[in-house]
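Number of protein chains: 2
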Amino acid sequence: MSGNASGNVMFDTIAIVGVGLIGGSLGMAVKTKGLAKRVVGIGRSEQKLMRAQILGAIDEYSLDFEHGAADADLIVICTPVSKVAPTLECMAPNLKAGAIITDVGSTKREIVEDASIVTPDACYFVGGHPMAGTENAGVENAFPDLFLGATYVITPTQDTDLSALGRVTAFADAIGAIVETMTPEQHDASVAIISHLPHALASALLQVAEDAQRESGKVFSLAAGSFRDLTRISDSMPELWRDISLSNSDSICAAITSMQEHLQEFKDALESRDEQKVLGFFEQGRQIRQTFLRLVR
Amino acid sequence: MSGNASGNVMFDTIAIVGVGLIGGSLGMAVKTKGLAKRVVGIGRSEQKLMRAQILGAIDEYSLDFEHGAADADLIVICTPVSKVAPTLECMAPNLKAGAIITDVGSTKREIVEDASIVTPDACYFVGGHPMAGTENAGVENAFPDLFLGATYVITPTQDTDLSALGRVTAFADAIGAIVETMTPEQHDASVAIISHLPHALASALLQVAEDAQRESGKVFSLAAGSFRDLTRISDSMPELWRDISLSNSDSICAAITSMQEHLQEFKDALESRDEQKVLGFFEQGRQIRQTFLRLVR
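These protein sequence lines map, in sequence, to chains C and W.
Anchor point for the first sequence: position 70 equals 229 in the working numbering, and the numbering is continuous, going up by one each time.
Anchor point for the second sequence: position 164 equals 323 in the working numbering, and the numbering is continuous, going up by one each time.
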């Protein structure tokens with residue numbers, strides 16, 4: 160039993176592949192709430208897995224991707240998005256019949272499509288995306304309440320097994336998250352706007368600022384709190400954002416095009432000195448934000 | 160002497176035109192530090208001026224724009240940007256010889272140009288822009304330390320009187336601000352990027368989100384903290400931002416064009432699946448932000 164709380168066991172063995180901030184927090188939540196008899200961590204770095212074990216995120220670990228999850232009833236793949244399907248493919252031959260696989264990737268359409276190809280016939284894949292903090296990476300920053308009140312998107316398709324879908328949903332619910340169900344396409348279009356476009360905007364804004372700084376040398380000296388806040392998201396790992404962007408490029412390109420069009424409208428209004436349209440541009444933004452704030456409470 | 164601290168008197172009488180958050184805080188700072196023997200507030204609403212007097216922002220007030228500042232040695236115009244030059248024009252015939260006029264507008268080129276035309280020959284105009292908080296408007300939110308450590312941009316031109324420039328600089332310094340001197344053009348190009356472009360981005364982003372929300376209905380339900388933070392600046396008054404935008408349209412249009420170009424580069428990289436360029440886009444943003452953070456301390 161390895162010291163797991165004896166709660167409502169939902170799965171005998173849960174395997175977590177990639178035990179960083181998200182994987183580690185998942186393991187801690189599972190063990191704290193007694194949702195599994197055994198939590199196995201799988202990864203490439205023994206040092207990191209040992210740390211995860213010491214921190215109580217997992218009961219045991221394996222460096223063997225091919226066989227490490229052979230006993231698991233639920234496998235949660237917490238690798239970077241570009242590695243989810245390859246990891247599943249590598250594990251596939253040795254998974255047990257009836258095993259449910261889910262992931263925590265920030266994009267879903269590509270992953271769900273690729274996973275449907277490599278998931279063994281006797282197993283079930285259900286795509287997932289817990290939208291929980293990622294600023295401080297690593298299992299050192301993991302904690303069992305990371306998912307409390309967080310939105311956990313689950314993205315079934317027409318082919319998703321309904322029983323597996325129900326069990327993953329119950330699992331997300333049990334760790335304290337609020338489940339939102341939508342198609343992989345809806346998910347990707349939405350996060351392109353909510354998360355990926357803002358990252359691109361922050362990076363582009365910094366580049367605009369640097370171009371001007373090089374010309375006048377006066378830009379950065381005026382940049383106070385709000386500029387700092389707006390560009391904070393650019394501190395994230397570029398490699399992660401490369402993968403996410405490539406994995407959701409259609410939706411991101413569509414979002415950028417829409418952004419360029421709205422900016423163009425504003426520029427046209429300014430150039431023609433159309434006071435009413437310039438006012439309307441800011442009024443619309445303000446109204447939409449008020450609607451949004453009412454919706455999110 | 161109306162209870163002003165007896166510090167280093169810099170001006171016998173200071174007139175503050177428009178006693179809101181900025182004007183009120185200026186008055187409080189002046190009175191707390193004893194920088195003037197008398198602070199006169201000028202405005203259109205007697206109710207607001209009475210409140211400013213009760214709150215200790217001014218010693219007395221006048222509703223008479225034409226004559227209210229006749230005794231003043233320093234006049235600080237704290238109206239919206241579109242009203243600075245018209246206000247000065249209205250006061251001009253009755254200003255006393257040697258009076259120094261400054262303003263606190265968020266844009267400078269147009270104001271400094273227009274002011275140079277309407278400033279009487281015997282008076283001196285020096286453009287200024289204290290970059291201090293504006294989220295909660297009104298004298299009710301004013302406080303004497305608003306300018307402590309804030310950047311206070313002063314924008315002389317070739318025609319600016321050096322003695323007047325020195326006195327406005329010393330005044331900004333005395334209220335605790337950090338003075339940055341640059342041309343009106345440098346100021347406007349810089350704030351276009353640091354402040355005006357981010358406002359336009361937030362408003363456009365909200366419009367992109369609403370377009371998508373109308374299509375899929377799933378966007379707002381995924382918008383968590385970071386989206387809320389990024390769009391917070393859209394709560395500001397649309398009328399203010401209309402005026403600011405029109406008063407700095409050249410620089411804002413140039414900044415938007417630069418933004419569109421950087422976004423286009425990123426879109427091209429995504430569409431051609433150029434991993435190196437996509438990575439470079441995020442790496443550049445991250446590096447620029449690190450440089451910027453080192454510069455601002």
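In case anyone wonders, no lab produced these hints; they're calculated from the structure.
Don't take every hint at face value.
The list treats identical chains as one, so a pair stands whether inside a single copy or across any two.
In silico DSSO-like pairs for lysine-lysine, Cα to Cα no more than 30 Å straight-line [what the hints assert, rightly or not]: (1) Lys436 <-> Lys426; (2) Lys426 <-> Lys196; (3) Lys255 <-> Lys436; (4) Lys436 <-> Lys192; (5) Lys242 <-> Lys426.
Please read all numbers here as calculations on a predicted model, not as lab measurements.
These are the hints, each one checked on the structure:
no.	hint	result
1	Lys436 <-> Lys426	both (10 Å within a copy, 28 Å between copies)
2	Lys426 <-> Lys196	neither (60 Å within a copy, 47 Å between copies)
3	Lys255 <-> Lys436	neither (62 Å within a copy, 41 Å between copies)
4	Lys436 <-> Lys192	neither (55 Å within a copy, 44 Å between copies)
5	Lys242 <-> Lys426	between (41 Å within a copy, 23 Å between copies)
In summary, the numbered hints that this structure violates are 2, 3 and 4.
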